[in-house]
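Engineer: One line per chain: the protein sequences are A and B, in this order. Going by the numbering used here, 339 is the number at position 339 of the first sequence; the sequence numbering is gapless. Going by the numbering used here, 257 is the number at position 257 of the second sequence; the sequence numbering is gapless.
No lab work stands behind these hints, which were simulated from the structure alone. Watch out, some of these pointers could steer you wrong.
[Claimed, not checked] Ranges between beta-carbon positions, derived for each pair: (1) B/Thr111 x A/Val263: 19 to 29 Å; (2) B/Gly24 x A/Tyr15: 43 to 53 Å; (3) B/Thr226 x A/Ala10: 16 to 26 Å; (4) A/Ala10 x B/Ile106: 17 to 27 Å; (5) A/Val263 x B/Ile106: 16 to 26 Å.
[Unchecked claim] Covered stretches of chain A, as calculated for chain B (at least 3 residues, CB under 8 Å): (6) 10-18; (7) 250-259.
Glycine residues also receive a C-beta, built at the ideal position from the N, C-alpha and C atoms.
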Amino acid sequence: MHLNEGKVPADYQTYLNRKVHWIIVGAILSFALFVLAISVGAVAIPPVEVVQSLLGISVSEKWDRIVWNIRLPQAIAALIAGIGLSIAGVAMQSILRNPLASPFTLGISSAGAFGAAVSIVLLGTGNIQSTVANPVSISNPYLTTVVAFIFCMIATGIILLISHLKGSSPEVMILTGVALSSLFSAGVMFLQYFSNDAQLAAVVYWTFGDVGRATWDMLPLMALIVGAGTLYFIVNRWNYNAIDAGDETAQGLGVDVARVRLVGMTVAALISAVIVALLGVIGFVGLVCPHMVRRIIGDDQRFLIPGSAVMGAILLLASDTVARVIVAPYVLPVSVLTAFMGAPVFIFLLFRGYKR
Amino acid sequence: MTTILTVNELKFMYRNKNVLQDIGFSIRRGEVVAVLGPNGVGKTTLLKCLNRILRAKGGTVMLEDENLLNLGTMDIARRVGYVPQRVETGRLTAFDAVLLGRRPHIGWDVTPRDMEIVDAAFTRLGMDALRLSYIDEMSGGELQKVAIARALVQEPKVLLLDEPTSNLDMKNQVDILNTIREIVRDHNIAAVMTMHDLNQALRFADTFIFIKNGTVHIHGKHDIVTPSVIEEVYGLPVIIGELGGVRCVIPGACRIA
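Kindly generate the complete structure, drawing on both the sequences and the hints.
Structural biologist: Given below as structure tokens:
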């Protein structure tokens, strides 16, 4: 059949443009926060000088060193992790058809924590140094990270295998995730029970997600995984819209629902695993940023995915900036702040209802 | 009227149980077909086998001269529109929701032409005023129309509808079924729908396929719908009579407890 003689409705175009404007405003805000995050800290560097230093126009060598060696990698890590966690969250919510889904629904955070605990307690990679700035340290961060990542991938592999055998049903994925999460948490408790004070402190410290752990050499890997993953979800935005309309509708539209679920879950798990292994557990961002965006620009994945990326960057950059000034000269890990910063905004958005 | 869809020896098994065996029938252009039978007999399974949402274990589904079972899922979706029984809502406008029906035709993103087709579908179904309404605020009848519009913009040759009037009030049922009939006539396509309400089927369908024991019990026009056929298929004696010039089916000698 053919349907002709329609026109592109002007009011629909206006409605789409409004969503694009929100995303642009968000992108500008996240850039401003990026500069602010570099500017604020124990040594205050005015934002203009930050931009100059970033552009390679040297103002002061000392400031350059602070910007390039300390603050920039941390700000970039916050930017990438914010985008990654939020994108993984929005994808998981669609894949699992569940508003409570987040990057950690499948037990990746517990698996990562267990991996880190194995490394610290059994392989002896953790100890305590008594300095005020950095009271606990992990003597071999690389090994800890690698072991944490391996356990994240083991958890993902188990879920992928089970969901593949069981036809990728969301219920099976979620319930397997819950079971694995409990299993790994129990494993962490077991190891903690038999560890000494120093190891116990190191294990607990590891689980506090902190973008301050980022170093230049880990950024390319994070950027690559998060960048490729984001691109994958954007390419598949219409498939996620179709799955949101119901599995049967999606299948009727030619979408291979089981495959989109399985691949999407793998990509989201990979993103989460890299972030957890490198920075620790940063909660709330992946769960709530997508919902904030839904309240502002709706559920259309064409806008929800880029919108969530921007919102994740905003929340994590803002949280990290506040984490470094709120009890200065002490620096809080960002994971403590994300919920403090995000929850009030989120509750306000829930209370206000949808934007029309 | 020329034949548009021919099904031959279609089989479907669930675990080791034969659900459908040796299903065969053919449908002509401009025809509205009602698939009838008791719960659990495999009506929905049959629909889903036609557009390969479920993989048939054998047989052919010829759409004109192509076997649909040999085509890719996107190719099928460009030829066959499907309206499931359950439609999920979200924070989307009706226009967004219908635009999704262009998915099988979309490359990187929608084109102005896709939007023009969607716009035409809204006009076609008399829903212009609903274009920018949010579907999570719509009534069941409006939502069902959105689902039908979504299937229409796939530009299908055959529409499959799984109980299109379940959960709708009487006026909306008549409204939806009239709409389906009109579309089928005007665009010279065919519609296959599973139904429970024999009275609605009698009023709006041209031909009837009764399914029993996983196979086509009988297929034909109004004359095949008789009390004996219905009793054979549903196991319930019925009376068929005329009321105001309309053929009606009511349960016969059943005792009210």
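Engineer: Confirm or reject each hint.
Structural biologist: Here is how each hint holds up against the structure:
1. B/Thr111 x A/Val263: 19 to 29 Å: At 26 Å between Cβs, range holds.
2. B/Gly24 x A/Tyr15: 43 to 53 Å: Hint holds: Cβ distance 48 Å, inside 43 to 53 Å.
3. B/Thr226 x A/Ala10: 16 to 26 Å: violated, 55 Å
4. A/Ala10 x B/Ile106: 17 to 27 Å: holds, 22 Å
5. A/Val263 x B/Ile106: 16 to 26 Å: With a Cβ separation near 19 Å, A/Val263 and B/Ile106 satisfy 16 to 26 Å, so the hint holds.
6. 10-18: Coverage by chain B holds for the segment 10-18 of chain A (3 residues, Cβ < 8 Å).
7. 250-259: This one holds; 6 residues, not fewer than the three required, reach chain B with a Cβ under 8 Å.
When the structure is compared with the earlier hints, a violation turns up for hint 3 alone.
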